[in-house]
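Given the coordinates of chain L, work out where chain C with the ligand should sit on it, guided by the hints.
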Amino acid sequence: MYTHPILPENLSAIEAYAQRHKTPLVAIHSSGFYSYFQINLPGAFPIVDTHPDETATTDLRLLSPWPELTAFAAELTKDIDGLDDVEHGHLPYVVILLHYLERWKAAHDGKYPATYKEKTEFRKMVQAAARTDNPEGGEENFEEAAAAVLKTLVPPSLPSGLREVFEYKHPEPVEQRSGFWLIADAVKQFYEKHQCLPLPGKLPDMKAQSKVYIQLQNIYKAKARSDAAEILQIVQASPGGERVDPAEVDLFCKNAAFVKLINATGGEGDASISRADRLRSAAAREFANDETAALTLSPLSLLPVYLALQAAGTRAAAAAEAVNHVGSSAGHSSNSSSGGAISADEILATIAAQVPGAEKNERVVQAAGEVARAAGGELHNVAALTGGMVAQEVIKIVTKQYIPIDNTCVFDGIASRCQVLRL
Amino acid sequence: MASANVHPASEPARWKYLDSVRTRPGPFTDASTFNGSVVARAMETMKVLVIGAGGLGCEILKNLALSGFKDIHVIDMDTIDISNLNRQFLFRQEDVGKSKAEVAARFVEKRVRGVRITPYNCKIQDFDEDFYMQFQLVICGLDSIEARRWINATLVGLVDENIEDSYKPLIDGGTEGFKGQARVIFPTVTSCIECQLDMHAPRAAVPLCTLASIPRQPEHCIEWAHVIAWDQEKPFPQLDKDDPEHINWLYQKALDRAREFNIPGVTYSLTQGVVKNIIPAIASTNSVIAAACCNEALKIASNCAPSLGLPDANYMMYSGNDGIYTYTFRHERKDDCPVCGGQARDLPADAAWTLRELLDSLAARPEAQLRQPSVRTATKTLYMQLPPSLEEQTRPNLDKTLAELGLDHGQEIVVTDPAFATVIFMFKLKFKSR
Ligand SMILES: [Zn+2]
Chain L
155 MYTHPILPEN
165 LSAIEAYAQR
175 HKTPLVAIHS
185 SGFYSYFQIN
195 LPGAFPIVDT
205 HPDETATTDL
215 RLLSPWPELT
225 AFAAELTKDI
235 DGLDDVEHGH
245 LPYVVILLHY
255 LERWKAAHDG
265 KYPATYKEKT
275 EFRKMVQAAA
285 RTDNPEGGEE
295 NFEEAAAAVL
305 KTLVPPSLPS
315 GLREVFEYKH
325 PEPVEQRSGF
335 WLIADAVKQF
345 YEKHQCLPLP
355 GKLPDMKAQS
365 KVYIQLQNIY
375 KAKARSDAAE
385 ILQIVQASPG
395 GERVDPAEVD
405 LFCKNAAFVK
415 LINATGGEGD
425 ASISRADRLR
435 SAAAREFAND
445 ETAALTLSPL
455 SLLPVYLALQ
465 AAGTRAAAAA
475 EAVNHVGSSA
485 GHSSNSSSGG
495 AISADEILAT
505 IAAQVPGAEK
515 NERVVQAAGE
525 VARAAGGELH
535 NVAALTGGMV
545 AQEVIKIVTK
555 QYIPIDNTCV
565 FDGIASRCQV
575 LRL
Chain C
1479 MASANVHPAS
1489 EPARWKYLDS
1499 VRTRPGPFTD
1509 ASTFNGSVVA
1519 RAMETMKVLV
1529 IGAGGLGCEI
1539 LKNLALSGFK
1549 DIHVIDMDTI
1559 DISNLNRQFL
1569 FRQEDVGKSK
1579 AEVAARFVEK
1589 RVRGVRITPY
1599 NCKIQDFDED
1609 FYMQFQLVIC
1619 GLDSIEARRW
1629 INATLVGLVD
1639 ENIEDSYKPL
1649 IDGGTEGFKG
1659 QARVIFPTVT
1669 SCIECQLDMH
1679 APRAAVPLCT
1689 LASIPRQPEH
1699 CIEWAHVIAW
1709 DQEKPFPQLD
1719 KDDPEHINWL
1729 YQKALDRARE
1739 FNIPGVTYSL
1749 TQGVVKNIIP
1759 AIASTNSVIA
1769 AACCNEALKI
1779 ASNCAPSLGL
1789 PDANYMMYSG
1799 NDGIYTYTFR
1809 HERKDDCPVC
1819 GGQARDLPAD
1829 AAWTLRELLD
1839 SLAARPEAQL
1849 RQPSVRTATK
1859 TLYMQLPPSL
1869 EEQTRPNLDK
1879 TLAELGLDHG
1889 QEIVVTDPAF
1899 ATVIFMFKLK
1909 FKSR
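Going line by line, the protein sequences match chains L and C.
Sequential numbering of the first sequence, starting at 155, is according to my numbering.
Sequential numbering of the second sequence, starting at 1479, is according to my numbering.
Don't take every hint at face value.
As the list claims (entries may be wrong) - Subject to a maximum C-alpha distance of 25 Å in a straight line, what follows is the list of computed PhoX-like cross-link-like pairs (lysine-lysine):
#1 Lys1719(C) / Lys408(L)
#2 Lys342(L) / Lys408(L)
#3 Lys342(L) / Lys365(L)
#4 Lys278(L) / Lys1910(C)
#5 Lys1910(C) / Lys554(L)
#6 Lys305(L) / Lys278(L)
#7 Lys232(L) / Lys342(L)
#8 Lys1657(C) / Lys1712(C)
#9 Lys1754(C) / Lys1812(C)
For the record, the hints were derived by calculation from the structure and aren't laboratory data.
One chain only, chain L, in its complex shape (with noise of 0.2 Å):
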């Protein structure tokens, strides 16, 4: 971890460390209002436990259910008119969606309802099937059944970040993987297999009795070992799969719709583009964004902050070597003559010289002069606020938990927001 600015020979040095030992590095940079931090992960970076929204984690799979579950929801349901109120009225509503889907697909062909006019045609059917005969005037267990027929009649299908993981381009051999893609080979292996992920195997919490809802919650967990269990005979049997851990596979099992690569194209393929035309079609994209910005009310880009800031801290570092060249003996303190002034016209110059042309919009011009007033200081609070954030995403990468930015995130204090740029 390091501050701008600093020392061109000290930063190579760092570099060089960090490529040797894979170590990630952070690189920080406040100044007066604004700040940014960076950070350099040595490859392709996976997080399993990435605690998504509990609510987005539900998956049912009441599309494809599985010998059991039909069998179970036929039982409760194979009278269903002939319940009393107490049990008709206490049906979960996953028993209720998979008794009303079978009635549906009798009644078109054998097919689901896939559109969403057919996915609300579906839910009206729900609705009219609860009772309102009774005190109450309706049933909770039928609203939760209709209010949740949207979101969990979704076929499986293969999330984004998972389908990243299964297409990663491998730079070192099968042999040298780590358990992470070991099981994730296997799960690619058991998606072809049976066209959908391994159950997360989570209830959500629904109307139902105590007896009725845990024996359902037993149904869905016997459901999701049996696949972890799949999943771990495929791993055992790769090469090196037997030193993998079991919990390492129902943790993945849990996630795998969840799963995130980061840095993914921090491989080998990226290393051909250079930082500095990253940095040009960035801009390039961030300005064009801008110009529409007003339209799709997003807000503004902070690349600007950005381009100033490293402007900035790219002309004392170099100021500071001078100094250090003409025999002070300062070392690596000499950062304290790096806070020099540097004017406006000094930061545009050199931006003109990394991204042609953006020294002449007019945000940019804007965030060089905030730049130059604060003649390379830092606030207090703006940077307790960048190490609070920097403190959280090292936590982040040291537990692999959560999500870490990728890879650039900028700080604006004047307008208090921050927004994640991939540089």
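Just chain C with the ligand now, with coordinates in the frame of chain L:
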């Protein structure tokens, strides 16, 4: 621009960087309100009140002291607990049991020369309007919605159009895990905390019948122990959520209940979490949110850059779960806000409801959240929580329907709640069309 003069504070070396920003205009500075030559002095004499000396409060006090504020006051009624030490970094092992406000004040005073911090080891409700009138800026780092609503109502109440000094900007920070928010309120001018109340919807309550007869989740068993078993058995005179013996009693009860229904997952820490409604606090989020708040304080106090609130966005939402994401937007003031608006707010109801059901809905509705409401119309008292004699007298009304009480569609009712002594909530009944 950069050639404008720097106006150094009394200790130029220490505040060199701060002064180059706060005493010189930048491209975004509003020239009509900015005067660089008086900024340092103005900030030194400005009285700033910090409410809360916990996770956010420790950060806020440190940040203000290192931002050039010199006359800081802090209120916190809590004492230091051993569990605070992981993130409330102004406290040490030997401080456990002492007042948070006092220890925090002494620590920052010692660390930052020239700063005076006045601690108050008490509740915000212990002070009257005169006390709050002396400050120019209030910053909240609280974990309680009630306290926020109280100070918000008090600051809105202070506003007197004829006294310029009666407008006290309120900066509020809050965190929950990797998420948080920082907002700025100019009382009566911009949207207030009460206007924004529905942004903090309470968690949906579990229906009593689920707790009583059909629990499914470990939380249901814990709530059952908390709400039903405790009341039936009264193992201790009063539930103390910080007493491990009490939590353990609830845990054992919940565990028995869970066994009976075959529900896995009841643990001691889950019990404590459910009962105390614990929001996990993370030091890094506190650092981000407190710094965002104090950054606004510096901008408001110095005018060296536009702050949140005027003229555009007044609310910054922060989330660090999936990358880092902020959403900074303008929350509009509501004309029917019971604190800063003048109109009665619509309250959906039903003529067939009992008064008790109406009161329950006041507790549950995200935009009301009134737990101990007393209700009257312009001419008639419907239900009063206090004094006990009046409570007894009005209690029979609770079981009467709104129709029986003569309340009609469009009727305006007045609601008060002891938690917000100074606020009168006006609602207009809106009956469901039939
Ligand atoms: Zn309001």
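Hint check results:
Between lysine 1719(C) and lysine 408(L) the alpha-carbon distance is near 34 Å, which puts this suggested pair outside the 25 Å criterion. Restraint check for lysine 342(L) and lysine 408(L): the C-alpha separation of about 15 Å stays at or below 25 Å, so the hint holds. At most 25 Å may separate the alpha-carbon atoms for a hinted pair to count; lysine 342(L) and lysine 365(L) exceed this at roughly 36 Å. Of the supplied pair hints, the one linking lysine 278(L) and lysine 1910(C) holds, its CA atoms being roughly 22 Å apart against a limit of 25 Å.
The hinted pair formed by lysine 1910(C) and lysine 554(L) fails the criterion: a straight-line CA distance of about 51 Å is larger than 25 Å. The suggested pairing of lysine 305(L) with lysine 278(L) holds, with an alpha-carbon distance near 15 Å, which does not exceed 25 Å. Distance restraint check for lysine 232(L) and lysine 342(L): the Cα-Cα separation of roughly 38 Å exceeds the 25 Å cut-off, and the hinted pair is therefore not satisfied. Our distance criterion of 25 Å between C-alpha atoms is broken by lysine 1657(C) and lysine 1712(C), whose separation comes to about 37 Å.
Distance hint between lysine 1754(C) and lysine 1812(C) is unfulfilled; the C-alpha atoms sit about 32 Å from each other, more than 25 Å.
In the structure shown, a violation is registered for the earlier hints numbered 1, 3, 5, 7, 8, 9, in ascending order.
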